[in-house]
Amino acid sequence: IKLLKTDNGSTAKISICDKLPYIVTEGEKSLTLKLYYTKLHSNWVVYDSSDTFTKNVNFRQAGTNVAEINFEFNRDIWGYDIYYSPGNALIIEFKEPPSFTRKWPKPLEGLNIVIDPGHSARREPPYDGAIGPMGTFEYEANLGLSEVLKGDFEELGATIIMTRIGDEEVPLRERPKIAKDSKGDIFISVHYNAISDGKDPFDEPRGYSLYYYHRHSAEFARSVHESYVKNIKLPDEGVRYGDYHVLRMTYMPAILLESAYMIYPEQEEMAASPIFRKELSATIVKGTLDFLKIPKKPITKNKSSKKNKRKGKRR
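Just so we're aligned: -10 in our numbering is position 7 of the sequence shown, and the numbers increase by one with no gaps anywhere.
Hints are computed from structural coordinates only; laboratory data are not their basis.
Keep in mind that a hint or two might mislead.
Claimed, not checked - Derived lysine-lysine pairs resembling DSS-like cross-links, with alpha carbons at most 27 Å apart: (1) K17 x K2; (2) K166 x K(-12); (3) K12 x K(-4); (4) K2 x K(-12).
To be verified - Pair ranges (Cβ atoms, derived): (5) K22 x G134: 51 to 61 Å; (6) E249 x Y20: 48 to 58 Å; (7) E55 x D1: 53 to 63 Å; (8) E252 x R43: 57 to 67 Å; (9) P109 x K160: 17 to 27 Å; (10) W87 x T(-11): 28 to 38 Å; (11) G134 x N39: 41 to 51 Å; (12) K280 x N48: 52 to 62 Å; (13) E55 x K284: 25 to 35 Å; (14) I178 x K276: 33 to 43 Å; (15) S33 x D1: 28 to 38 Å; (16) V40 x D150: 45 to 55 Å; (17) K276 x I74: 29 to 39 Å.
Fair warning: this is a prediction, and the values are worked out from it, not measured in the lab.
Even for Gly, the Cβ is constructed at its ideal location relative to N, Cα and C.
Given these sequences and hints, build the entire structure.
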């Protein structure tokens, strides 16, 4: 097992005799790899002295044909990628939290945010996404909110990558690839909700919900959800574990937002409203800043008003 420092974390190279099935499990500042149908023959770990991210590596034969390798880190893991290289070496790329300014007025300068306007333009069956009773297509509402969100994040210095910029069709499988190839740091998939055919739309209150898949995405989802609770006056359906394709990517925190229901005319109208989009965008931005632990924007004091006050006192 050989470790190597990289620009955004570290990489582990594990020499094995053949391509084997494996499972990766995340823990608190740790990651465990289980390899199946194999026995350990390794008796050393080669550390990189310049690597300040990886703290420790230990391994054991966890079962008759199960080898287990545990990686411990000095900081929370931001994401990872795992793949086989030519020659059957198993490569794990560990990503540590990204480095960016964190200082106002551009606290997100240096951060790459991927915004994913859900679904693609299909105005004839089979439709891609929900359609409201007044004829609003979800893919249009998703893009509308994403464009506002893009502008608000850019004002804070972030670099924005959009998986879709118009009516082009972007296959679902391509969206995580776009995020990875663009070296994204966080991923936000924008959606509006619907319910299954035949289900009573009034059997329970419905509003917004947020989804994540991997452990390293959970705090992101909770921070944005807390912002929704404080700012969006719709029923709260909570934070949920969601086995969605775009959330399964391992290399960055990723969340999926369902901000309202297209099936209700009043919520459909909200989804199409520029005012509501601005409210949603501000809510998402606030939750993201909280997740990234950005300090509050300092209050700038107006020097001229202070001067005028002093003059007034002399009179």
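Starting from the hint 17 to 27 Å, judge whether the C-beta atoms of P109 and K160 obey it.
Since P109 and K160 have Cβ atoms about 23 Å apart, the given range 17 to 27 Å holds.
Whether the CB-CB distance between E252 and R43 falls inside 57 to 67 Å:
Since E252 and R43 have Cβ atoms about 59 Å apart, the given range 57 to 67 Å holds.
Between K166 and K(-12), does the CA-CA distance stay at or below 27 Å?
holds, 18 Å
Evaluate the given range 41 to 51 Å for the C-beta pair formed by G134 and N39.
holds, 44 Å
Between I178 and K276, does the beta-carbon spacing fit 33 to 43 Å?
holds, 36 Å
C-beta pair K280, N48: status relative to the range 52 to 62 Å that was hinted
holds, 56 Å
Could one say that the CB atoms of E55 and K284 fall in the range 25 to 35 Å?
At roughly 46 Å between Cβ atoms, K284 and E55 fall outside 25 to 35 Å, so the hint is violated.
Outcome of range test on Cβ distance (E249, Y20; 48 to 58 Å):
Given range 48 to 58 Å: holds, Cβ gap about 56 Å.
Between W87 and T(-11), does the beta-carbon spacing fit 28 to 38 Å?
This hint holds: roughly 30 Å between Cβ atoms.
Verify the CB-CB distance for S33 and D1 against the hinted window 28 to 38 Å.
holds, 32 Å
Is 51 to 61 Å a correct range for the gap between the Cβ atoms of K22 and G134?
holds, 56 Å
Going straight from one Cα to the other, do K12 and K(-4) come out at no more than 27 Å?
With Cα atoms ~19 Å apart, K12 and K(-4) stay inside 27 Å; holds.
Hint compliance for this structure: hints 7, 13 are broken, all remaining hints hold.
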